[in-house]
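All chains, please: the whole structure from these sequences, using the hints.
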Amino acid sequence: MSANYKLVRNPNPNPEESGKSLPLHPRLVSCGTIHTDEFISRAKSRSSFSPADMKGILQLFQDMMVDFLMFGYNVELEGIGTFSVSLKSRPVMEKNEIRAESIHFKDVKFRSSKELRDRLKTMPVFRDEYTVSDPAYPSAKECEQEVFRYLETNPFIHQKKYMSLCGCSRSKASLDLRRLVEEGKLRWEKLGTSHLYYKVEEPVSGETNPK
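At position 196 of the sequence shown (counting the first as 1) the number is 196 in the numbering used here, and the numbers step up by one without a gap.
Because the hints were derived from the structure by calculation, they are not lab data.
There's no promise every hint is true.
Said to hold, decoys possible - Subject to a maximum C-alpha distance of 25 angstroms in a straight line, what follows is the list of computed SDA-like cross-link-like pairs (lysine to any residue):
1. K161 x S194
2. K185 x Q159
3. K161 x T193
4. K44 x G192
5. K109 x F71
6. K172 x P26
7. K161 x D128
8. K172 x L7
9. K160 x C31
10. K109 x A140
11. K172 x P124
12. K172 x H25
13. K190 x T33
14. K109 x R119
15. K44 x D63
16. K109 x V92
17. K55 x D67
18. K141 x L28
19. K161 x L191
As C-alpha cells, then:
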C-alpha cells in the first residue's frame, strides 16, 4: 500500500502580484477516513483482544483523556503524541477586564511525538495519475471536463476519484455528481456501500439520485 499526492498551486494572496505564480507544493490525496469499527476490525488480526475488549479500551482512553484535559493536564500517549486544551475569550487589554466566566474551552490541540514522525518519514508516496494540480481549486466546468476525460478510459467514476480529480471536499463531490445525474450526463449504480457513476450517451430524464 502507498499514499498518493498531488501538486497544487495556491492563489497569490498579494493583489499586487496577482500575475505572479506561487511555487507548487505537494498535498496528500486522502483515501478516506478509518472509523472506529473498521479500525478495530483491522486490528483484531494483530491482537489477542476481542473487538469488544478493544472498543472498551478505546472508550476508557477517551473517558480518561476527557477527565485529565478537563482539569488542566496535558495527556501524552507514548509513541503517538501529546493532547492539550486551548481556550478562548473576548479580546481585553487588562487582566481585570475579564472574569473566569467569560473564558471558555476552544479546542483540543495535538502535537505528534518524534517517534511517530520518525516512523512516518519512510512512507511511500506516488503522484496520483489523474489529479488536477493548477490551479488549486478548478471551476465546476473544469471539474466536469476532467470527469468526462477520465471516463474516456475508465468505465465509471466514484466519489473518491472525483475528489482526487478536483481537489474538493466529499460534500462538494457528492453535490456535483448528483447534479450531473440530474442533468442526464451520468447514471449511477450502487455496489455495496459505494455509488458508481457511468457516462450516458443521451440525456436521461427522471433519473433518481442516491440518498
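Structure-based check of each hint:
1. The suggested pairing of K161 with S194 holds, with an alpha-carbon distance near 12 angstroms, which does not exceed 25 angstroms.
2. Between K185 and Q159 the alpha-carbon distance is near 16 angstroms, which keeps this suggested pair within the 25 angstroms criterion.
3. Restraint check for K161 and T193: the C-alpha separation of about 15 angstroms stays at or below 25 angstroms, so the hint holds.
4. At most 25 angstroms may separate the alpha-carbon atoms for a hinted pair to count; K44 and G192 meet this at roughly 23 angstroms.
5. A C-alpha spacing of about 15 angstroms is found between K109 and F71, which places the hinted pair at or below 25 angstroms, so the restraint holds.
6. Straight-line distance between C-alpha atoms of K172 and P26 comes to about 21 angstroms, which keeps the hinted pair within the 25 angstroms bound.
7. The suggested pairing of K161 with D128 holds, with an alpha-carbon distance near 10 angstroms, which does not exceed 25 angstroms.
8. Distance hint between K172 and L7 is fulfilled; the C-alpha atoms sit about 20 angstroms from each other, no more than 25 angstroms.
9. For the given pair, K160 sits about 7 angstroms from C31 by alpha-carbon distance, which is consistent with the 25 angstroms threshold.
10. In summary, the hint linking K109 to A140 is not supported, as the alpha carbons are separated by about 35 angstroms, beyond the 25 angstroms threshold.
11. Restraint check for K172 and P124: not satisfied, since their Cα atoms lie roughly 28 angstroms apart, outside the 25 angstroms limit.
12. Using a Cα cut-off of 25 angstroms, the hinted pair K172 and H25 holds, with the two alpha carbons roughly 23 angstroms apart.
13. Our distance criterion of 25 angstroms between C-alpha atoms is met by K190 and T33, whose separation comes to about 20 angstroms.
14. Restraint check for K109 and R119: satisfied, since their Cα atoms lie roughly 21 angstroms apart, inside the 25 angstroms limit.
15. Between the alpha carbons of K44 and D63 the distance comes to roughly 22 angstroms, so the proposed pair stays at or under 25 angstroms and holds.
16. Restraint check: the Cα-Cα separation between K109 and V92 comes to about 23 angstroms, which is no more than 25 angstroms; the hinted pair holds.
17. Distance check on the hinted pair: K55 and D67 sit about 19 angstroms apart at the alpha-carbon level, within 25 angstroms; holds.
18. Under the criterion of a C-alpha separation no larger than 25 angstroms, the hint pairing K141 with L28 is consistent with the structure, at around 24 angstroms.
19. In summary, the hint linking K161 to L191 is supported, as the alpha carbons are separated by about 15 angstroms, within the 25 angstroms threshold.
When held up to the earlier numbered hints, the structure conflicts with 10, 11 and fits the remainder.
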